[in-house]
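Peer 1: Now for the letters of each chain:
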Amino acid sequence: MKAVVWHGKHDVRVESVPDPEILNPRDAIVKVKATAICGSDLHLYNGYIPTMKSGDILGHEFVGEIVDVGSSVKNLAVGDRVAVPFTISCGGCMFCNMQLYSLCDNGNPNAGLAEQVFGDGTAGIYGYSHLFGGYAGGQAEYVRVPYADVGPVKIADGVSWEQAVLLTDVFPTGFMAAEQCDIKPGDVVAVWGCGPVGQFCIRSALMLGAERVIALDREPERLRMAESFGAEPVNFENVNVVEYLKETTAGRGPDACIDAVGLEALGHGFGAVVDWTKQLARMQTDRPNVLRQAIQACRKGGVVSVPGVYGGMIDHLNMGAAFNKGLTFRMGQTHVQRYLKPLMDRVESGEIDPSTIITHRLSLFSAPDAYKAFRNKEDRCIKVVMNPEGMPTPDMSESAQDRRQMPEAYAG
Amino acid sequence: MQPLHVVSRQNVGQVERIVSATAGGLMIVFGLSRRSVPGAILGLFGANLVYRGATGYCSTYAMLDAKEDEADAAPWNRSIEVKHAVTIRRPRQEVFEYFRDFSNMVRHTEAIEQVERLDDGRYRFVGHWMFGTTEQIGEIVHEVPGERLAWRTTAGSDVHEEGAMLLKDAPGDRGTEVRVVVTYHPPAGVLGEAAATISRQSPRQMLPDVIRKMKSVLEAGEAPSTVGQTSGREGNRPRTLSPMRMEASGVK
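Each protein sequence line maps, in turn, to chains U and Z.
When we follow our numbering, the leftmost residue of the first sequence carries the number 1, and every step to the right adds one.
When we follow our numbering, the leftmost residue of the second sequence carries the number 1001, and every step to the right adds one.
In isolation and in its complexed conformation, chain U is listed as follows:
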């Protein structure tokens, strides 16, 4: 099969690799129908994440058809259309039982490594470094899905592949971030970063009853998209963010602040905000600028919700402000299994169409170009979804020039 293979910083290639096989009784093999590039994939692309090995297959956002199941998988059958959570969780440990799936004890074969770094092992993640299990990812024609009897959710008939692929990470991630804000009537929510996750934070916060959502970014197309979803767009380059937020809330500060950027500007499922943080990093030596602003701006007793990824130590965080203002911090990798089905119901009922954030529909074959475009925000790129079925075969190699076109069948 063909797969997107990581070989080093800024070096991803589409290569032929062996097809995946069932390795454990609870495994399934999925024929991928749509796969997306996540903002956090750019972290790998830019070479920030340690424990990547040349030859690793990327991708943790994918949907597809079941083509094989292990002997213990009774709830899925060949031909089922499924959406697969990016977190690999067993369903049997204390954390899965508490619905804290991303904290699963048994999803990561390299948990010992994670214990050394974080003090504890957490769930596995497809195609996301050996620290998170070293699993082969889903930017491929086929992928092995462990614990298939608890992870994948059957896709409802009325939900398309590309709607479903956004339910495997970015929509649940944005939703969980908004849910963590405990939104009450009249609440004002500020969202830093308007990449894919930020967009879903905005939409979810409004869905959960926020009175106003203030969206902070500097990319015009991202601010326009945020505005189209009902947020008040603010270009952070034109204002003093903390002063602006105090002023616009008449001194109270936003009731909840969402950091959809993260330390390395690689918020989970977060896109081209990479450059934004790089810019900030040049202005100040330390990078958790969003977190610092959020702490200063947040209303006393408010919530700082962090879907953006943090990887290690941060300096000069005003803990005194957080303490004396009585702030609540809520964060973590998304417990996708908890949100996938309820959110799919909302998509099926027509309450929300997540696919409106997709700006680029490409063949998997163009992954190297797509990574580059997403990273550099070329061509107003916000969200890339790729189709492995658009892969050229030897018989149709001349069609390589048409590879940016999506087969029509894909949209359905």
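What the hints contain is simulated information worked out from the structure, not anything from laboratory work.
The beta carbon of each residue, even a glycine, is placed where N, CA and C say it ideally should be.
Mixed in with the good hints there might be a few duds.
Per label pair, the in silico range of CB-to-CB distance [as the list claims (entries may be wrong)]:
#1 Ala156(U) with Thr1183(Z): 53 to 59 Å
#2 Tyr1098(Z) with Arg224(U): 45 to 51 Å
#3 Asp345(U) with Arg1174(Z): 30 to 36 Å
Stretch-level coverage of chain U by chain Z, calculated; a stretch enters the list once three of its residues show a Cβ under 8 Å from a Cβ in chain Z [unchecked claim]:
#4 51-65
#5 143-152
Partial pick of chain U residues on the chain Z-facing surface, computed with a CB cut under 8 Å [said to hold, decoys possible]:
#6 His10
#7 Asp11
#8 Glu15
#9 Leu23
#10 Pro25
#11 Asp68
#12 Asn106
#13 Pro109
#14 Gly112
#15 Gly134
#16 Tyr135
With chain U fixed as given, assemble chain Z onto it according to the hints.
Peer 2: Just chain Z now, kept in the frame of chain U:
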């Protein structure tokens, strides 16, 4: 055989004594040959090292009380104690029964390839450790069902160890608290342990993995694994793909 413990003023290990005496001697010779104040100081320092090497007593160590414990056993006879604790979300009795059946070891211990049940409570393990195949005969020496289990290796084992597992109900519905302690006697004592550590095969390194996998088998029915999965690494490429097909499909 363990040497008898002799109460003495010695607090410097054998190897260190030899090194100390040799280095001290060299410093005396070098220091005196300088015929200078710093040379004399160096010579005095060397004399202290020689004294320390000859008597096996170091006043600095005595003040720090650092080497008292380690001097108890000769380095080549020293045993290593390894402990690990984990909470498994399964009933105590189930954890006990799974663990008591040592034939389950192959499911969660990479180093063990084969387990043969000799009779109730006695098992023969064949595995690989360090540089070759190892064989161990293990027997259960004490058990309180659902609570505790102790075992040891017997004659005919290549590596000797004793171990115990203690079980306790975790608070709430959190399952069972499992505590395992293993004392093993590496061949050549600290040297064997050092070699095992370098090759990442010290029980100190392996026990947490073994216990973690046991937990996975009990909680999830299987241990997570990526062994044998596909990748784009050399040696894992499909050999059937001809250069022509690779070129045609745009593969570099």
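Peer 1: Next, verify each hint and record whether it holds.
Peer 2: Results of checking the hints against the structure:
no. : hint                                  : verdict
1   : Ala156(U) with Thr1183(Z): 53 to 59 Å : holds (57 Å)
2   : Tyr1098(Z) with Arg224(U): 45 to 51 Å : violated (58 Å)
3   : Asp345(U) with Arg1174(Z): 30 to 36 Å : holds (32 Å)
4   : 51-65                                 : holds (count 5)
5   : 143-152                               : holds (count 3)
6   : His10                                 : violated (15 Å)
7   : Asp11                                 : violated (11 Å)
8   : Glu15                                 : holds (5 Å)
9   : Leu23                                 : holds (6 Å)
10  : Pro25                                 : holds (6 Å)
11  : Asp68                                 : violated (14 Å)
12  : Asn106                                : holds (4 Å)
13  : Pro109                                : holds (4 Å)
14  : Gly112                                : holds (6 Å)
15  : Gly134                                : holds (5 Å)
16  : Tyr135                                : holds (6 Å)
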